[in-house]
Amino acid sequence: MAEKYVARSSAIAARLLGGEMMVMSTADSTFFTLDEVASAIWQAADGRTPLSEIVAGKICQEFDVDREQAQRDAARFVDELSQHGILLVSDQPLMESSPSPESR
Amino acid sequence: MSLLAEMNQKALTLGLPISVHFDITYRCNERCVHCYLDHDDHGEMTTAEIADVLTQLADVGVFFLSLSGGEVLMRRDFFEIVERARQLLFNVKVKTNGVMIHEKEAARLRQLGVEQVQISVYSHRPQVHDVITKLPGSLKRTIRAIRFLKSQGLKVSIANVLMAGNFSDQAGVITLARELGVAYTLDPTITPRMDGDTSILALRIPGSDVKHVFHSQELVGNVEEFCAPPPVPGEDIMEGFPCSAGHTACYISPYGDVFPCVQFPLPSGNVRRQKFLEIWRHSPQLQEVRSIRARDLPTCSTCAHVGTCTRCPGLAYVEGNMRGPSTADCEKSFQRTGIPSANMLAGAHGSTMGQLIQIQAAG
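Residue numbers (this note's numbering), protein chains in the order written: chain A, 1 to 104; chain B, 1001 to 1363.
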């Protein structure tokens, strides 16, 4: 399967509130809240790290999850957010990713 | 409960602000007859000061940021401020009259990822709108701006302040909003000027017109439900608080003064002298606002409308007592349901409007 690279879109508003990430698409005003695992993927989505590496190197290390299940869940999560323009997905590394609230 | 309501509840539980209304200038190119502001510049915050405040707001968790005025585009650094706000990932709403928005400005707002633009329109006819704004040609320019913003794919809404002078044009503005493909909101609230001048209250629409608005299916949806008699309030209502002002939201003036809300001129601190978080957590004024529950309201706690009234504590404060009734909301509750408020029954309706409090710099 081809690698997926994910980056945070700049067309979003986001803020961490009590451990949950609030994310809103400024394009269609869709509002999401991301739990801890989803927030971790979203924050690691720098456009350069392959999704499989984010899952293996970050999600499976930090959370008690099965690797194959985590890969499937991450792919579904990325698909859904990309449909609303919140995450950008490519089979090539992406040059830019918006800042994440924690990385400021 | 919607996701947004859940996050509001979470912010409330955590004691964090989630929304801030930030007036970045009081200067304006219009001179609306109902405006409560003093349009002179008495020392607005600089670009750097505003950037610092925005960083502080992002750090404490503010998500929704309304940039307003005055006319926001009167500031030469307006786009610099929006750019900074968007770098900090705020959900940015801009309130403007649109007069200075052309193709280039609309494109820039879109590029920066502004979520929504709210534009004031008082009539579909220039002979009414331009008389209210006192700026000839303003309606034409405002409508042109709406078209530019729409062509960029931005979400736009028209805000119409209802007054005696434009009430009959309300249907025309709704039709205009439909033609332009934008949302429509109305507000029948006129507030006293910042200098305490109450003469503009004469612009308010009479109660019979308020009743007409509340019984319009087009405006309120299910009229029977909207105008239903209030249910008997339960304990949860009596333990509830009036609105988000000071709880999950606040207002910042161009001079750095912090208030519970744009309609609640209780000076609570100044970000030029203190950190925002210090004001938010420790301001005695905000703490007092937060301490008030429905059961603490001497008149309103005995009122049939206590659980459904839109009582504005800011307007009550302007009338002399933040725990007292807001007579404009008593009127609304009455016109909506036909049931007089406790304040009206006590014969106090309108009697406190002489004790107005002016906005002043925080001590």
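Keep in mind that the hints are not guaranteed to be accurate.
[What the hints assert, rightly or not] Okay, the calculated bits of chain B under chain A, using three or more residues with CB under 8 angstroms as the criterion:
1) 1059-1071
2) 1089-1100
3) 1110-1122
Hints are computed from structural coordinates only; laboratory data are not their basis. Cβ atoms here follow ideal geometry from the backbone N, Cα and C, with glycine treated the same way.
Exercise for the section: Report the numbers of all earlier hints that the structure fails to satisfy, in ascending order. Expected result: Hints that this structure does not satisfy do not exist here, as all of them hold.
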